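J.: Note that the protein sequences, when read in sequence, are chains P and G. Under the working numbering, residues 1 to 286 are what the first sequence spells out, in order. Under the working numbering, residues 1 to 286 are what the second sequence spells out, in order.
Only true hints are included.
A pair counts as met if it fits within one copy or between any two copies, since identical chains are not told apart.
Below, a list of computed lysine-lysine pairs in the DSS-like style, where the Cα atoms sit at most 27 Å apart:
| no. | residue 1 | residue 2 |
| --- | --- | --- |
| 1 | Lys111 | Lys143 |
| 2 | Lys150 | Lys208 |
| 3 | Lys176 | Lys154 |
| 4 | Lys251 | Lys222 |
| 5 | Lys222 | Lys260 |
| 6 | Lys208 | Lys187 |
| 7 | Lys187 | Lys143 |
| 8 | Lys154 | Lys208 |
| 9 | Lys150 | Lys125 |
| 10 | Lys251 | Lys50 |
| 11 | Lys187 | Lys111 |
| 12 | Lys176 | Lys143 |
| 13 | Lys259 | Lys235 |
| 14 | Lys208 | Lys176 |
| 15 | Lys28 | Lys50 |
| 16 | Lys67 | Lys50 |
| 17 | Lys143 | Lys103 |
Everything labelled a hint here was simulated from the structure, so no lab data went into it. Fair warning: this is a prediction, and the values are worked out from it, not measured in the lab.
2 protein chains.
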Amino acid sequence: MMEILVAEHAGFCFGVRRAINIAEDALKNLEKAGSIYSIGPLIHNPQEVKRLQEKGLALLEREEDLKENTTVVVRSHGIPPQRERELLSKGVRILDATCPFVKAVHDAVVKLSKEGYFVVLVGEKNHPEVIGTLGYLQECGGKGVVVESKEDIKGVLGKERVGIVAQTTQNEQFFKEVVGEIALWSKEVKVINTICNATSERQEDVYKLAPVVDVMIIIGGKNSGNTRRLYEISKSINPRSYHIETPDELKREWFEGAKKVGVTAGASTPDWIIEEVVDSIRRINS
Amino acid sequence: MMEILVAEHAGFCFGVRRAINIAEDALKNLEKAGSIYSIGPLIHNPQEVKRLQEKGLALLEREEDLKENTTVVVRSHGIPPQRERELLSKGVRILDATCPFVKAVHDAVVKLSKEGYFVVLVGEKNHPEVIGTLGYLQECGGKGVVVESKEDIKGVLGKERVGIVAQTTQNEQFFKEVVGEIALWSKEVKVINTICNATSERQEDVYKLAPVVDVMIIIGGKNSGNTRRLYEISKSINPRSYHIETPDELKREWFEGAKKVGVTAGASTPDWIIEEVVDSIRRINS
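Starting from the given sequences, assemble the full structure and let the hints guide the process.
T.: This is how it looks when you write it as structure tokens:
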């Protein structure tokens, strides 16, 4: 008999689950013919985006579609306040599904700016969350830089008082190094640790699960950096690790002789896909 | 002809030079028969301590000697405020030669405590400077710990708001690691970088000088951690590196065929010893 162990923190993080719930609640009250727009895909999972699309959540493709009384869902990444004002000026109704942990980053940069700190946002320059946060920094008249690589730390040279925050999904090791480095160069550094523990929880689960199972299945977008990282960690511990997006990618030969199978999923993978994968594994091996 | 290059920042740091000057000024005005006490050796250099002793600076050995109108020099390390009050209560006259950079550490822990931070002092638990600083922390009702090794970071677990300062002579690499680690665990960290650059300046000089000379001479107490570190750096770059306390330790054979000799000294080494060493090297090779 094969045992299937699903990781404690597999799948949706708090912010993503919340955004989906907000969108679904709005879709329930939608007239049959209507549409709600999301600016960019609501989450990084094509299957879930498709499911929501069928219920009436459209991807905003043309600004002209933003008419009075249109409903727009702001996804968990958040948007710059300038963009929010622009939407409001068009008479659009906004459903704000910005993750509360992302709102905390917005609040942190504003607080640090008001306290006179030069702000360092450790994150990816082109990530929508970072672009949103920079909007808040600009809005309050603050100054700062995004640090994505060690090279970028140069931009902080000569700043005496530096305030540091992170993109919520920032890698902890890199954040630690940036903070340490800047603390040596500056007179005063204030760090507000805005890293969300969803990423590290999912990674810790893999460290616990991968060594005690025969096969590890990691579910999530092939283009999702966080899912790929889960797969890399798993593979380094257990060579019988496989990264899939959907259940039809599962192969019977992966499970030969396996007594225990571990399953986990990136933060954008909906529960229903995890359940389908678990069911498929069971079917293949029955 | 042999060339002797003395490192730019060889010998006394600002705080030590200032303490010696304060003591010497006081000694000038001393009546022939009188004494001024220092609590602990004024600096970590036996030759300089002996020189000052001959001028009338005695090492305080018994508390009973602290009578009214006795003069006491507080060395650059500083003392806890409780000890200062105790001295004043005995009617002792205090000459405060606490290094201004050390005073800045005292001010920093008080400031951080008042702002509600749990204080982390990165330093050596038994170092007089650390003991003095902890006195200021206690005085203002603050809470905190000394972090001397990575093990000690455990004492910070669960603290949400942490303020971090360093012993002035703290190793930068360790400070950086401690700050990074704590920033990951706490919600908010405020770092006031109180590391004095005297130590790193002396080390950088060795990195510059050791590779371009045939022989390196490092002067300073054999029991001085900072001088030993200068020697280790030098030795790793240039095998013909030698650590001495006094000129009579120099050996003719060290300089065989040498065209360029580099000389540096730890922060407790007086100029007159550096000069004697340079003179001796010249004599040996003339």
